[in-house]
Structure formats: C-alpha cells, structure tokens
Amino acid sequence: MVNTLFPLTVTGATARRSGRDLIGPIDLHLSGAPCTMVIGPNGSGKTTLLRLLSGAARLGAGQINWASDADYLRAAQAFVFQRPVMLRRTVLQNLCYPLQLRGVSRVQARRRAEEWAAKVGLTDLLDRPAPALSGGEQQKLALARALITNPKVLFLDEPCAALDGRAMREVEAILQAAKTAGTRLIMSTHDMGQARRLADEVLFLLHGKLHEHTPAAEFFAAPQTPQAAAFLNGDIVE
Numbered sequence: 001m002v003n004t005l006f007p008l009t010v011t012g013a014t015a016r017r018s019g020r021d022l023i024g025p026i027d028l029h030l031s032g033a034p035c036t037m038v039i040g041p042n043g044s045g046k047t048t049l050l051r052l053l054s055g056a057a058r059l060g061a062g063q064i065n066w067a068s069d070a071d072y073l074r075a076a077q078a079f080v081f082q083r084p085v086m087l088r089r090t091v092l093q094n095l096c097y098p099l100q101l102r103g104v105s106r107v108q109a110r111r112r113a114e115e116w117a118a119k120v121g122l123t124d125l126l127d128r129p130a131p132a133l134s135g136g137e138q139q140k141l142a143l144a145r146a147l148i149t150n151p152k153v154l155f156l157d158e159p160c161a162a163l164d165g166r167a168m169r170e171v172e173a174i175l176q177a178a179k180t181a182g183t184r185l186i187m188s189t190h191d192m193g194q195a196r197r198l199a200d201e202v203l204f205l206l207h208g209k210l211h212e213h214t215p216a217a218e219f220f221a222a223p224q225t226p227q228a229a230a231f232l233n234g235d236i237v238e
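Residue 177 in my numbering sits at position 177 of the sequence shown, and the numbers go up by one each step.
By construction, these hints were calculated from the structure, which means they are not laboratory data.
Be a bit skeptical, because a hint or two may be false.
Unchecked claim - With a Cα cut of at most 30 Å, we get these calculated DSS-like pairs of lysine-lysine:
# : residue 1 : residue 2
1 : Lys-179   : Lys-119
2 : Lys-152   : Lys-119
3 : Lys-179   : Lys-209
4 : Lys-119   : Lys-209
5 : Lys-179   : Lys-152
As the list claims (entries may be wrong) - Listed next, with one range per pair, are the computed distances between beta-carbon atoms:
# : residue 1 : residue 2 : range
6 : Glu-238   : Glu-114   : 46 to 56 Å
7 : Ser-134   : Glu-238   : 27 to 37 Å
8 : Ala-177   : Thr-90    : 20 to 30 Å
9 : Glu-172   : His-29    : 18 to 28 Å
The beta carbon of each residue, even a glycine, is placed where N, CA and C say it ideally should be.
Given the sequences, and given the hints that come with them, work out the whole structure.
Structure representation (structure tokens):
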C-alpha cells in the first residue's frame, strides 16, 4: 500500500530550548520501511525528534519536508505519548471523539469504538471514566484512540513502558496489524527485545545526534559505531 506522506526528508534540523540545542543538526531520509525504531540512552533526544517530525515541537533551524502538505499531514497522523493524555470522559467517549471530529455519525463511531475496545481488551470498561483506568489500561486506550482513525503515520513514544508482558504482546500484535494495513510507525523504545520484534530500520541517537540509520537486521547483527555496540551490550554510553 502506497503511503502518500513519504518520503520524508530532514535537512539540518535542530530543536532548541533556552538557547541550547536539544538535538541536531540532523539529516535524515525516511521512505518505505514500515516501522522506524528510534533508540538511544535516556536524554539522547528520542522524544524531541518524534515531536519535531510530527510538528509538535518547533524547528530551531533546518527543514523537514514531507511528500504531502502540512494540512494533510495533520489529518493523517496520530501520536501516542509515554504518558497518555485522557479526556475527562468515559472510555467509549474517548474512542468516539476523534471520529466525531471527522464527521463520523454517532452510530458508526460507537460501532468502531466497540470494535477497538475489544481489540485492546477494554470492552468491560467502556463506561468507566478514562482517568480512573490504570496506567496500562490508559496506554491501551490511547493506542486504540490513535489507530481508530486509520492514520497514515503513527508516532509512538515508548508506548509500552507502563505495560506488563501480556499487555505488551497485545499491543505489539495491534502494531504489527497496523503496519500490515499500511500505517507507517515511527516509534521510540527502551526495550531492545521490542525493537528487534517490531523494527524494520533503526535510528540510533546519542547526545542529540543521529549516529546510525540502519536496517534493523544489520543494526542488531553488526552496529556500525562503537557507541551503538556498547549500548546494545548494555554498557553505560556517555
């Protein structure tokens, strides 16, 4: 399935705060890989890069060019944060909300919301206030709410950090299905097992710089830089 948002070209991109560069300059070209996994030590700039690419963070310098215009990008993307943002409504209303914004009828929105609740194991909680859910339940709701609109690209910032093993397997199965259906995943994780299972290509960040952009199989078999090799070995990388 052709994804009309790609290729994505990033040239000399930086993000700054209080006059200090958080990441960059970064040069990057993303095209057909179904899942780009962003990894690196804490503080390496993973979240900032995702926010830059999605437009949630201001570009300090450089350019980020998608194959489609900004209006289409906003309508065709979704973002799942490490700490999910819940509307002060029920689980059902949280799932219906993005559909209703797009003009989907109430009946159709409810039907799709019930389908997605079943996919992520929240059927019995449809009438529960979303802020009252556990952390893991909130993350599954955030994922379902993001995917219910069939986005062309889904950004995920360590979405499984609060999940146990069973919930993580369920979420990964949903993400694999999303990939198969044509949603492009750009995702960060601290879990190298998850990265190996889901990634098609890897971006390795360190100190806000892009050290490697490599097909996943090659990266995990033979990283190109000593810093990446040390990180995969579990060493402290400074």
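For a quick check of understanding: which of the numbered hints are violated here, in increasing order? 4
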